[in-house]
Amino acid sequence: MQASLIPYILVARRLGIALITLIIVSFAVFFATDLLPGDVAEILLGQAATPEAVAGLREAMGLNQPAFLRFLGWLGGLFTGDLGTSYVNQMPVADLIGDRLANSLKLAGVTSAVSVPLALFLGITAAMWRGSVYDRLVTALTITVISVPEFMVATLAVLIFAVWLKWLPALSFGAEVGTFWALLKAYTMPVITLTFVVSAQMIRMTRAALIETIDTPYVEMARLKGAGRIRQVLRHALPNALGPIANAMALSLSYLVGGVIIVETIFNYPGVAKLMVDAVATRDLPLIQSCAMIFCVSYLTLITLADLVAILSNPRLRR
Amino acid sequence: MPKPMFLSPARHGFRFNWAGRIGLAIVLLWGVIALVGPLITPYPVGEIVDWDYFGPMSQKFLLGTDYLGRDMLSRILMGARYTVGISLAAVTIACSVGVVLGMIAAVLGGIFDMGLSRLLDAINGIPGLLFGLVVVAAVGSSLTVLILTLAAIYMPGAYRFARSLAVNVNTMDFVTVARARGERTPYLIAREIFPNILGPVLADLGVRFVFIVLVLSGLSFLGLGVQPPNADWGALVRENIGALSFGAPAVVFPSLAIASLTISMNLFIDNMPTRIRDRSA
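Heads up: the sequence lines are chains W and P, in that order. The first sequence runs contiguously to residue 319 in full-length UniProt numbering. The second sequence runs contiguously to residue 281 in full-length UniProt numbering.
Treat the hints as calculated values from the structure; they're not laboratory data. Predicted model only: the values in this text are computed from it and were never measured. Glycine residues also receive a C-beta, built at the ideal position from the N, C-alpha and C atoms. There may be inaccurate statements among the hints.
[What the hints assert, rightly or not] Partial pick of chain P residues on the chain W-facing surface, computed with a CB cut under 8 angstroms: (1) Ile126; (2) Val135; (3) Ala138.
[Said to hold, decoys possible] Covered by chain P, per the in silico footprint, the following chain W stretches (three or more residues, Cβ under 8 angstroms): (4) 101–113; (5) 219–232; (6) 257–263; (7) 290–296.
Please build the complete structure, drawing on both the sequences and the hints.
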């Protein structure tokens, strides 16, 4: 086999695995929600429904078809943008999700924009002065944040910024985000919480990736020829650690998926996650399925991206 | 008479530092509380004992009272039973199934190994909390559902970890010898491979326990985990979240309880004797 083709083969293989995973995931999401005890038509029509009405609705909803055909139909609908109709308020799911998705993406975008530079800075400086008080402080802090649930980070943020310092409103996401200041206030708390959760992972992984490179012989060589600590790390170690660090970034951003669910619920933020948690309460299956797929796809995209970066940045596979 | 040094645990790399000991002590403390919970609660768990709600810490109610005026200390002590119990059950199932499957896959190899690895990797591609949400939405929440769901979420990870360890051990000479002797797969797994991956597997069990506690608390916090009138620590935070704006003890202490359990467990794992933790192959 020609060596120059190896990275492409690996990339293709990884994408293939992602595709298979996606199919299995959609299968799982569809059938998990399909296992609902009781008949959907009966639940929708309530107790007073006549058997004829239930039979009619079953027919209209296509519930009499075999599950596998319904799965294919649902999957086809997903690809063409037809996400089905909400059981609860009869609106197309796509309409319900539209704005919410934009809100969630905004939240995720702002969080990434804050946490990536922050985590890079803290991770790299911690690795640079490994073993110092500063490094130990950063390490202890990140372990603590990783060890506690997201909602605890959120409640702590509320306690500190809203209750003690009184800088920000507590649990309400104001509907009036007209002025820039109000917008800033509304976003701050969710973004702070998510930044803590995501950065902690990033800092740990960045630090670990960089330290692994610093321990290599060529960095020791740089040290022996008299390069200063900053030059050793930034010029000699960092370029070679960029691949693993980018991998760590993408991997940590996938923690956004879990974090967003908790944070949107706590802060009453009108995003997809809040929509989904509400849909779970009302058992609105088409809505749950679509939201779950959105989360799974974003999660898969991020972890696939992380692996692709790792493959492509590996110099042993180049050329 | 001098102590025979060569037999002491310290000499053999089984030394524990103080941070690890503190971690272990706190984890064990919560374990004991989970076992004897009802015997040591100062008040009956479900009983409303105070006219005031969200009461402050006092001589009578050490950790204050909750949103109905129930004693918080009693509820936290009882909550330990749910948080620790469910997580322990789930992690035990996840790790035993994962480790056994992982060892079988490593020993058998071939199509069984590949198929199972691909399938479990795919399941690993679903975020944990989301998986829990979907399952609870579908079949409702009960203790059995919670334990099995949490176990299902973390089984693929345990499998992957055990398999990678077992693959290394599988290439060792003593396994080849055993195979040449004509030993069968169950013997190879139980007598040759398992004892040699036990240490790292136990460390992995601890790490997974922390993950499970976090997801369980998250689910309960969203109202999808342990259902009222029972409450684990996550549910206690949810119940009393109304007290957040004035920082009452009712919302602070359940959070602290979770943090103390997970941080001590991480502390214990991180400071585990390296001979146990890193003995791979």
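Numbers of unmet hints, in rising order: 4, 5
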